[in-house]
Every structure is written in C-alpha cells, then in structure tokens.
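K.L.:
Sequence:
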Amino acid sequence: MGFQNEDLIQELGYDDDVDYDLRDSIEDLIGSELLTEEDHDVVDAVIFWWRDGDGDLVDSLMDALNCLEESGIVWLLTPKQGREGHVSPALIQQEAPSAGLHVTTSEGVSEDWSAVRLAPRKKN
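Using our numbering, the letters of the sequence shown map in sequence onto residues 1363 to 1486.
Don't read these hints as lab results, they were simulated from the structure.
Positions of the beta carbon are idealized from the N, C-alpha and C atoms, including for glycine.
Watch out, some of these pointers could steer you wrong.
To be verified - Cβ-Cβ distance ranges computed for the label pairs, FRET-style:
{"no.": "1", "residue 1": "GLU1399", "residue 2": "GLY1462", "range": "28 to 38 angstroms"}
{"no.": "2", "residue 1": "THR1466", "residue 2": "ASP1418", "range": "14 to 24 angstroms"}
{"no.": "3", "residue 1": "ASP1418", "residue 2": "ASN1367", "range": "28 to 38 angstroms"}
{"no.": "4", "residue 1": "GLN1443", "residue 2": "TYR1382", "range": "16 to 26 angstroms"}
{"no.": "5", "residue 1": "ASP1418", "residue 2": "GLU1446", "range": "15 to 25 angstroms"}
{"no.": "6", "residue 1": "GLU1446", "residue 2": "ASP1383", "range": "15 to 25 angstroms"}
Could you build the full structure based on these sequences and the hints that come with them?
P.N.:
Rendered as structure tokens:
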C-alpha cells in the first residue's frame, strides 16, 4: 500500500468486521497507531473501511479529504465480491470523481477485503 515508517495514517469506517491483521501490519510498518475519526492532524493517507449501506459514498469520500495532505492517498477498503457489504468497483469508479478523486489501482489486501487507491485529481 506504499506506507512508510512515521507516516500518519487516519482510519475511517472502523467496525468489528475490519481486518485486524491488516491494521496491525500497517501500524507495525508506520511505527504508531492509526489516527481515528476524532483526530484532526494532517495525514499522509487515509484507510477507509466502506461497506454497501454505509451511506453516501461521495459525501464520505469528501469528508475523508478533510485532514489529507494535498498529495495524500485514500485507500478505500471494501468487502470482496460475495462478502456481505460488497461494493461494486463500477460504483467506486463512478462516484470517486464527484469527490475530486480518481481510481489509480486496486488490490486484494486480505482474505475478505479489497483496496482501491484513490488519488486527488491534479489541479491545472
């Protein structure tokens, strides 16, 4: 996912269904705990656990940008196909531009979760 030691990573959408092993490996890599929704530090990246039924994706992605540094990345983590709460990749492709983001890549990050890397659109 491209994280480095001392990166500040904010976690949004935390619930009991998140992948704890993935969270632990990110915290080990960055050398600190993930910041919560209540933290307002400027962050290098956001990991956002998102499930079908969590609300309006565009509004939530725009909220995720509040503490993100200008060149920061949002990793949108969604349940894999066939899992409860699965979100269609087509929906993410459609909704991300309305939030000022574009899909750059996607990858499976655990047995139950996929990750889509969203980057801010370049300003002209």
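K.L.:
All hints are to be evaluated individually against the structure, with a verdict given for each.
P.N.:
Here is what the structure says about each hint:
{"no.": "1", "hint": "GLU1399 <-> GLY1462: 28 to 38 angstroms", "result": "violated, 20 angstroms"}
{"no.": "2", "hint": "THR1466 <-> ASP1418: 14 to 24 angstroms", "result": "holds, 22 angstroms"}
{"no.": "3", "hint": "ASP1418 <-> ASN1367: 28 to 38 angstroms", "result": "holds, 35 angstroms"}
{"no.": "4", "hint": "GLN1443 <-> TYR1382: 16 to 26 angstroms", "result": "holds, 22 angstroms"}
{"no.": "5", "hint": "ASP1418 <-> GLU1446: 15 to 25 angstroms", "result": "holds, 20 angstroms"}
{"no.": "6", "hint": "GLU1446 <-> ASP1383: 15 to 25 angstroms", "result": "holds, 19 angstroms"}
In terms of the numbered hints stated before, the structure departs from hint 1 and from no other.
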